[in-house]
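Protein chains in written order, with this note's numbering: chain A, 884 to 1181; chain B, 62 to 513.
Calculated from the structure, these hints are not laboratory results.
Just to be clear, a hint being listed does not mean it is correct.
Here are the simulated EDC-like pairs of lysine to aspartate or glutamate, each with C-alpha atoms no more than 20 Å apart in a straight line [claimed, not checked]:
| id | chain 1 | residue 1 | chain 2 | residue 2 |
| --- | --- | --- | --- | --- |
| 1 | B | 474 | B | 67 |
| 2 | B | 421 | B | 305 |
| 3 | B | 180 | A | 927 |
| 4 | A | 995 | A | 921 |
| 5 | A | 1067 | A | 997 |
| 6 | B | 270 | B | 415 |
| 7 | B | 506 | A | 921 |
| 8 | B | 421 | B | 273 |
| 9 | B | 179 | A | 927 |
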Amino acid sequence: MMNYSFYFYTYIFLIAATILLLIGIEIALALSFFINKDLYKKYENLFLSMWEITGTSIVFFVVQYEALLPSLLIPVAYSFYPIIFIILFLFIFRNIGIGFFEGKSINKEYSKRDILIYLFGTLIMAILLVSILSAAITGYGIKIINGNIVWGPSIIFNYFTLLLLLSTILFVLGILGYIFNVKKFKIYGLIGYLLVLLDIYLYENTISYLFIFSLIILLILTFVNLKDIIQRIIFIISHYLNAMILATLLFPYIFGTININSLLSQSIPLLSAEFIVSIIITIVVIGIYYFEIKTILS
Amino acid sequence: MLPVYDIDRIVFASSLAIHIIIASITIGMPFAVGTLELYGILKKDESIKNLAQRISTLILVLFAIGTLSGTIVAVEMYILFPKFMQIVSNTAIISLYIEILAFFMESLFVGIYFYSFKKYNNSILHPIFMYLIGIFAAMSGFLIITLNAFMNYPVGIEYLNGQYIDINPYSIFFTPIEFIEVSHGVLASLEFGLSIFVLFISYKILKEKDIENIKIYGKALKLTIPILFLSILLVGIFGINSIDTLAKYQPVKYATLEANLNGNISNAPENLFGIVTNNYTLIDSIQIPNLQSLLYGSFNPNTVVPGIYKNESYIPSPNDITIAHNSFDIMAIFGFLIFFISLYGLISLIISKEDKKDKKFTLNPKYTFYMNKLLLYGLILLSILSLISLETGWVAAEVGRQPWTIYGILLTKDAANLNPGVVPIAIAFELIYIALFVLSIWAIKRYFINKL
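Turn these sequences into a full structure, and let the hints steer you where they fit.
Listed below in structure tokens is the structure:
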């Protein structure tokens, strides 16, 4: 029988990794407006249209969570509603800003200030997403009291989250190096990855040998000259590989205390249907998005 | 002080009310813009093609706001009604799951459309991309309303070990009310989206002084009015059919909407408006004798229509009946007005001659239709009535199902988040959201509509 638990937990983590990659590309291209105008001009249309697929991926993540983890819905809704409303507010801020920004961009009417607003909104969203991911892995700042989840500010202000945030910022700069081939930024990606390894070591007192594969890949990408397209593909594959390895840290306790194996939906027919639909969504979306990128860049 | 679950309801309803507007525009408007652009390409009419492409910017902005309002509704549905989402997750989530595919496709084609003006200039592929935006937006509507049909008439699930479990995930698409409810809902959204396009064009004509520009807008109106009329006709047909389906499969809801408070009766009058008192008596209503039985039973006044027995358990509260019943009446009456305005527009479009150069108020349908101020203001009124009909229609549908969220399975008070701490945050958030929405409308008008 199909192991739905493994499939869906990996899948939901890959969606999270996709969101992080897309947000990383958004921020990297927004930064290029200030540090590399030629690069920005080349990928301007890609940058302007990216938020659509990023936003949809975030919604996909929410639905995926709702579909797969029904038992987690009530405790999380009762405990995390303030933080969820804050994220929603920031999401409003970002989307309204971006919507007008892109509308204005059709006639190339946007300004430096518009890009800064875009950058700010996206950056805050990235920080919140990384913080939640970090809390899900470590459970720092979270306690279960009488069956209720109780959390505090240390959910963000702990060494694991802060180090992960720092490495994410470096990862974004690495994107400029590995995906857009700005050579001097590659080293930041490598440093960012080393910080992630340090973070995991501090948390677990050990590091899975699986992480070494990605390290080797990044070393090759940083110090060996490869064709642009090959470099991009290898970098993206290594990003997803890292995400899958990181996903293993969620087991067996999400938020440090909730047994993940008891959470998945119990309806096998439903999981089977979701399995089929998730494969269709993945294939169709990747196919059409490839067509969109080709159209945009042409 | 209202109970927490009623505040949850109000907060969620206001978010949904905003989202319905945006989502419906993104269903209807792409069909109008796509048709305009296709016409421009096929007839080599650059002015119409340019107009379509300029208006399409508006769709982009609305899509951005729609993505936002849709996410807010999705998250609020979960935060404010976690038990509901838990049951849906175990039973009917497949429609939301597939809806994501539609949403992805819509957003991808938005990108493809807006960044391929040059690549597909003068190719019919370009307006087809716009049609696809509308088709996938409509598909999203179809899937969301499918979930709503499940809430009204749950099927394919089983109660096992203390929770509801799905035994057939796809049965949600085959409830007996699915076809009528979904068709009615999606067509109503399409109609409203088209009416907003017509409102925009009418407003532009009324403001414009240059006769050449007015002619271009007039051509746009000529292309859109027939589609609008057709959509209104279909909404009406499905609306009338949905009353029969309602009476058959959701008799309590039917009775609520009609305010039938004396049980099943024959020779039932049509109750227009009114207030339901605490002892379930309808007062201050206009009653047309026998009409309800006549309409329900193929013109037989002795036909028995479903009614509410006030001693029954789980019937809507008097307040809920008042809201649902009056909303239903407003929707139906405005529906007729909308039909007659669009019919007048269609007749005028067919018989009028395009030779007048002055805008004028006249009832004469032969007067050049896009110069007839009465028609132009009528079309603006039509879109306002469409908005009110759309909203009151959904209010009637949702309040009419109370006290249930999922009929026969989950009461609204059990579905809601009862943590009192959620109230101030949810209200504050909602006020900010509504303020930002109003600000967005102002900004759309200032930065986009006025510049088109």
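What hints, given by number in increasing order, does this structure fail?
2, 5 and 7
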